[in-house]
Amino acid sequence: MKAGIVVFPGTNRERDMAIALKRVTGQAPAMLWHRDTTLPKLDLIVLPGGFSHGDYLRCGAMAAHAPLMAEVRAFAAAGGHILGVCNGFQILTEAQILPGALLRNANLRFLSQDCHLRVERADTAFTRLWAKGDVFRTPMAHGDGNYVADPATIERLEGEGRVAFRYARPDGTVAADDQAHNPNGSLNAIAGVFSENLRICGMMPHPEDLVDPLMGGEDGKPLFAGLVEALGR
Amino acid sequence: MSNAGQKTVDEALAREFGLTADEYGNVLSIMGRTPSLTELGIFSVMWSEHCSYKSSRVWLKTLPTTAPWVIHGPGENAGVVDIGQGLAAIFKMESHNHPSFIEPYQGAATGVGGILRDVFTMGARPVANLNALRFGDPANPQTRRIVDGVVRGVGGYGNCVGVPTVGGEVNFHPSYDGNPLVNAMTVGVARQDRIFLSAAAGLGNPVIYVGSSTGRDGIHGATMSSSEFDEDALAKRPTVQVGDPFVEKLLIEACLELMATDAIVAIQDMGAAGLTSSSVEMAGKGGVGIDLDLDAVPQRERGMSAYEMMLSESQERMLMVLRPDRTDVARTIFEKWELEFAVIGHLTDTGRIVVRHKGAVEADIPLAPLADQAPLYHRPTAPSPAPAPLGPVTDPVGTERALMHLIGSPDIASRAWVYNQYDSTVGGQTVRRPGSADAAIVKIDDTSIGLALTTDCTPRYCRADARTGGAQAVAEAWRNITATGARPLAVTDNLNFGNPEKPEVMGQFAAAIEGMGDACRALDFPVVSGNVSLYNETRTPDGTTTAILPTPAIGGLGVLEDVSQAIGYGMQDDCDLILVGETRGELGQSLWLREIHGREDGAPPVVDLAAERANGDFVRAHILGGDIVACHDVSDGGVLVGLAEMVMAGGVGCTLVAPQSGMRPEAFWFGEDQARYIVAVRKGETFLSAAQAAGIAARPLGESGGDGLTLPQGGTISIARLRSAHEAFFPALMDR
Numbered sequence: 001m002k003a004g005i006v007v008f009p010g011t012n013r014e015r016d017m018a019i020a021l022k023r024v025t026g027q028a029p030a031m032l033w034h035r036d037t038t039l040p041k042l043d044l045i046v047l048p049g050g051f052s053h054g055d056y057l058r059c060g061a062m063a064a065h066a067p068l069m070a071e072v073r074a075f076a077a078a079g080g081h082i083l084g085v086c087n088g089f090q091i092l093t094e095a096q097i098l099p100g101a102l103l104r105n106a107n108l109r110f111l112s113q114d115c116h117l118r119v120e121r122a123d124t125a126f127t128r129l130w131a132k133g134d135v136f137r138t139p140m141a142h143g144d145g146n147y148v149a150d151p152a153t154i155e156r157l158e159g160e161g162r163v164a165f166r167y168a169r170p171d172g173t174v175a176a177d178d179q180a181h182n183p184n185g186s187l188n189a190i191a192g193v194f195s196e197n198l199r200i201c202g203m204m205p206h207p208e209d210l211v212d213p214l215m216g217g218e219d220g221k222p223l224f225a226g227l228v229e230a231l232g233r
Numbered sequence: 001m002s003n004a005g006q007k008t009v010d011e012a013l014a015r016e017f018g019l020t021a022d023e024y025g026n027v028l029s030i031m032g033r034t035p036s037l038t039e040l041g042i043f044s045v046m047w048s049e050h051c052s053y054k055s056s057r058v059w060l061k062t063l064p065t066t067a068p069w070v071i072h073g074p075g076e077n078a079g080v081v082d083i084g085q086g087l088a089a090i091f092k093m094e095s096h097n098h099p100s101f102i103e104p105y106q107g108a109a110t111g112v113g114g115i116l117r118d119v120f121t122m123g124a125r126p127v128a129n130l131n132a133l134r135f136g137d138p139a140n141p142q143t144r145r146i147v148d149g150v151v152r153g154v155g156g157y158g159n160c161v162g163v164p165t166v167g168g169e170v171n172f173h174p175s176y177d178g179n180p181l182v183n184a185m186t187v188g189v190a191r192q193d194r195i196f197l198s199a200a201a202g203l204g205n206p207v208i209y210v211g212s213s214t215g216r217d218g219i220h221g222a223t224m225s226s227s228e229f230d231e232d233a234l235a236k237r238p239t240v241q242v243g244d245p246f247v248e249k250l251l252i253e254a255c256l257e258l259m260a261t262d263a264i265v266a267i268q269d270m271g272a273a274g275l276t277s278s279s280v281e282m283a284g285k286g287g288v289g290i291d292l293d294l295d296a297v298p299q300r301e302r303g304m305s306a307y308e309m310m311l312s313e314s315q316e317r318m319l320m321v322l323r324p325d326r327t328d329v330a331r332t333i334f335e336k337w338e339l340e341f342a343v344i345g346h347l348t349d350t351g352r353i354v355v356r357h358k359g360a361v362e363a364d365i366p367l368a369p370l371a372d373q374a375p376l377y378h379r380p381t382a383p384s385p386a387p388a389p390l391g392p393v394t395d396p397v398g399t400e401r402a403l404m405h406l407i408g409s410p411d412i413a414s415r416a417w418v419y420n421q422y423d424s425t426v427g428g429q430t431v432r433r434p435g436s437a438d439a440a441i442v443k444i445d446d447t448s449i450g451l452a453l454t455t456d457c458t459p460r461y462c463r464a465d466a467r468t469g470g471a472q473a474v475a476e477a478w479r480n481i482t483a484t485g486a487r488p489l490a491v492t493d494n495l496n497f498g499n500p501e502k503p504e505v506m507g508q509f510a511a512a513i514e515g516m517g518d519a520c521r522a523l524d525f526p527v528v529s530g531n532v533s534l535y536n537e538t539r540t541p542d543g544t545t546t547a548i549l550p551t552p553a554i555g556g557l558g559v560l561e562d563v564s565q566a567i568g569y570g571m572q573d574d575c576d577l578i579l580v581g582e583t584r585g586e587l588g589q590s591l592w593l594r595e596i597h598g599r600e601d602g603a604p605p606v607v608d609l610a611a612e613r614a615n616g617d618f619v620r621a622h623i624l625g626g627d628i629v630a631c632h633d634v635s636d637g638g639v640l641v642g643l644a645e646m647v648m649a650g651g652v653g654c655t656l657v658a659p660q661s662g663m664r665p666e667a668f669w670f671g672e673d674q675a676r677y678i679v680a681v682r683k684g685e686t687f688l689s690a691a692q693a694a695g696i697a698a699r700p701l702g703e704s705g706g707d708g709l710t711l712p713q714g715g716t717i718s719i720a721r722l723r724s725a726h727e728a729f730f731p732a733l734m735d736r
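Protein sequence lines correspond, in order, to chains A and B. Using the working numbering, the letters of the first sequence map in sequence onto residues 1 to 233. Using the working numbering, the letters of the second sequence map in sequence onto residues 1 to 736.
Because the hints were derived from the structure by calculation, they are not lab data. Hints may be right or wrong, so weigh each one.
Stated by the list, open to error - Derived pair list, reagent style DSS-like, types lysine-lysine, alpha-carbon separation capped at 27 angstroms:
(1) 22(A) x 221(A)
(2) 336(B) x 41(A)
(3) 22(A) x 2(A)
(4) 285(B) x 61(B)
(5) 358(B) x 7(B)
(6) 336(B) x 2(A)
Stated by the list, open to error - Label pairs and their calculated CB-CB ranges:
(7) 137(A) x 139(B): 33 to 39 angstroms
(8) 137(A) x 720(B): 19 to 25 angstroms
(9) 137(A) x 378(B): 57 to 63 angstroms
(10) 153(A) x 142(B): 43 to 49 angstroms
(11) 169(A) x 689(B): 43 to 49 angstroms
(12) 41(A) x 705(B): 52 to 58 angstroms
(13) 123(A) x 137(B): 56 to 62 angstroms
(14) 56(A) x 378(B): 48 to 54 angstroms
(15) 77(A) x 723(B): 48 to 54 angstroms
Claimed, not checked - Not everything, but these chain A residues come out facing chain B in the computed CB check (under 10 angstroms):
(16) 18
(17) 20
(18) 33
(19) 35
(20) 49
(21) 50
(22) 53
(23) 109
(24) 112
(25) 143
(26) 208
(27) 209
(28) 216
All residues carry an ideal CB built from backbone N, CA and C; glycine is no exception.
With the sequences and hints as input, model every part of the structure.
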């Protein structure tokens, strides 16, 4: 799997993502600069976390218009696999590659803590090493992770099975109105969504920061290992 | 000299700028004429307490600053120590106290930004931030506003630049009501052969300005108030600078990219006193002269004068001297990162700083006397009276109630509300996050090395006995690093005190430094960088001012060759619990005395540095040997609070045995005797024999297991109950 990580001014989790990808693929991913206008041949594009353009205007709004995003859009249209994490998820929604938007956290504070995610379907490149209903722990670190979309979009996402992950209790039960277990107040406790073809995934928490027992666990590793299995080493 | 439209320079103006009559007389004799306004501004900031350390220098010089592993001690932008494998840790702590009272968010944010620049200017990628925060009485309505703003500011800046905030401390005391303390620490890592210093060199080499453009923010800094000067224009301006962490992030990446080339001769950030201090210090250290052309300085406001540009404290700016044949390489990198890049001068052999603006020479000052003749004061000191010994005290509440009260009290309650607003995992190298070990542990990518990091100070001990308190702050930092298995290497200090012109305050300062020096020498734990913040006074209801509690905050750094050997304090199942170190049951200045009796008196616990060293070296060896699986130093609240913290962090309970005979239970459980550790070991008897053989005091405390903390008299407190008492304070204060 040849992966490329897009770096915008203000991106700050590109190294975390590179470490996680290298851990499962054995090779360093390509680092792509936001002003580039061509893509190398890739199996996976990752938009990592951070504060692209300082999160000024709106999180991800300016990055969505970067020159390289035209290529990312074409890559998506051609059926390519894309993972957007945290600010990367925000950029994908601002670029309207994924539906919905991420608002300020419900408690209006930055949230840096572990959360538990429930896997909503296991037949995708991102989730194939889990079973539907599995729960895994992952750090979250964001100020704007409160997922919203209009009722028709939510109905469609739910109907088409395009919710990737939900915030949950460790036992897998979901309580969208329980701040302890849906910390940012997301609609239907949605933590991540898929594109229509299930090849693009956006999520707020950071599985890339939990891929090493030294850092407290490998709970996030199946996501990356699954991508390697699906897209080839 | 052009002084058109400006105030007349005379002694009265010099006083407004914070210079004394004698200091102004010295300016006149150095210059041989009346200085221009810009020149007076340069003298006044360079000779301010903040830049010249004129009250503190004589004492700072007494601190030990060397060790075989120290690469650069005080005098550079930050301290540099050898951490093995050709790498160096570069670190420093700095205060932003006064701005954080006026405008807590920006005060704290720019404090973080400033200390980050001190570290990456030396070539290090910042890998961790820590802080030491002191706030007023929680019951004071101002406290909530200040806590909220400071925590948001620390997080707002650190989270955006992508440096994990991994540790810190928070205290509350009424003495900080009008003067909170915000001390920020940054740790970076560089290759030892790629460390950048600030001494300028190379006749004719270009002087380059990079980063943000210059505005009028922060012009008056520490030296003067704004209103006498330009009432109409300046009255509206905030005196606190505004930070832009996004630009800082770009600046970090651009500087590190440039530092991978051979373009840089010297580099320094523009911190306090901005362009003045950076240019004067770079040229002065290099023994060269410097010519600056202010017309070339990127400006964000119109009509700025030379005085304003030289004294502006606009954030996120750096000054560099480059090899002339590499200027274009540098320009390309900074343009890529969309940052200002301007050649604003060159080095000369005149030994003078010459500042030109709009065709006129606005300043022309010889650099050597500006540095060498900076004021130096041996301020009078008055000893503080020795604290009266604590007489007999009763225990009005019993062990269990005292424990439940203490773990929910402001200085012990869970800090999760605070650190859950700081990104502690960005970078993917955080091995021990806040709330899990006595020191934060950060791995160095692509190596097995771990850094152990902590900030410590117990101000109530310092007020009772500054020498003991100074030693205790260093000893606790050393102990916290030791409790993870790491080898303590060096400290940075942030000395926060009141008005040094008051002999009793100066006496506290001197005694604290003596105590710190004692501990640094005894523990081989030298001071490699630091910062002094004086004039921290708070107004009492009757209108007088009193100093804050003396607060010599210590930032400690240790190293683990193999980071996988680091341990935390979370209780592990099926262990014997052992207390290492002698217990005399010292309740003077303890939190038990304050929280249960409402008293802040008695002598602080004795700091026995020989015992500290012996006990710590013994514990560390047994952590690295694998015998100890969890370890917690004993500090605020004593042994029982420490045990409760271990139980809550690990989610595993314990059953305790009766305290040592002949000692009252409250003295044993809540005394704050120093040099002690609670360790969880698999084989208690073996460990106790090893301690006995080594001459280390150790006694059994009980065993781990179950889902509660069981006291010797039989009552069990569930983990859930402990946590609910521990976690209530901050949300109740802040989220109401």
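Consistency of the hints with the structure:
1. 22(A) x 221(A): holds, 11 angstroms
2. 336(B) x 41(A): Holds, because 24 angstroms separates the two Cα atoms, which is no more than 27 angstroms.
3. 22(A) x 2(A): At roughly 10 angstroms apart (the allowed maximum being 27 angstroms), residue 2(A) and residue 22(A) satisfy the hint.
4. 285(B) x 61(B): Answer holds: residue 285(B) to residue 61(B) is near 18 angstroms, not above 27 angstroms.
5. 358(B) x 7(B): holds, 19 angstroms
6. 336(B) x 2(A): holds, 26 angstroms
7. 137(A) x 139(B): 33 to 39 angstroms: holds, 38 angstroms
8. 137(A) x 720(B): 19 to 25 angstroms: The hinted range 19 to 25 angstroms holds for residue 137(A) and residue 720(B), with Cβ atoms some 20 angstroms apart.
9. 137(A) x 378(B): 57 to 63 angstroms: Given range 57 to 63 angstroms: holds, Cβ gap about 58 angstroms.
10. 153(A) x 142(B): 43 to 49 angstroms: holds, 45 angstroms
11. 169(A) x 689(B): 43 to 49 angstroms: holds, 46 angstroms
12. 41(A) x 705(B): 52 to 58 angstroms: holds, 57 angstroms
13. 123(A) x 137(B): 56 to 62 angstroms: holds, 58 angstroms
14. 56(A) x 378(B): 48 to 54 angstroms: Check passed, 51 angstroms falls within 48 to 54 angstroms.
15. 77(A) x 723(B): 48 to 54 angstroms: holds, 50 angstroms
16. 18: holds, 9 angstroms
17. 20: holds, 7 angstroms
18. 33: holds, 8 angstroms
19. 35: holds, 8 angstroms
20. 49: holds, 8 angstroms
21. 50: For residue 50(A), the interface hint holds, since the closest Cβ of chain B sits about 6 angstroms away, which is under 10 angstroms.
22. 53: Interface hint status for residue 53(A): holds (7 angstroms vs cutoff 10 angstroms).
23. 109: Holds, about 6 angstroms.
24. 112: holds, 5 angstroms
25. 143: Holds. Min distance 8 angstroms.
26. 208: holds, 7 angstroms
27. 209: holds, 5 angstroms
28. 216: It holds, given that the least Cβ distance between residue 216(A) and chain B is near 8 angstroms, below 10 angstroms.
The structure meets every hint from the earlier list without exception.
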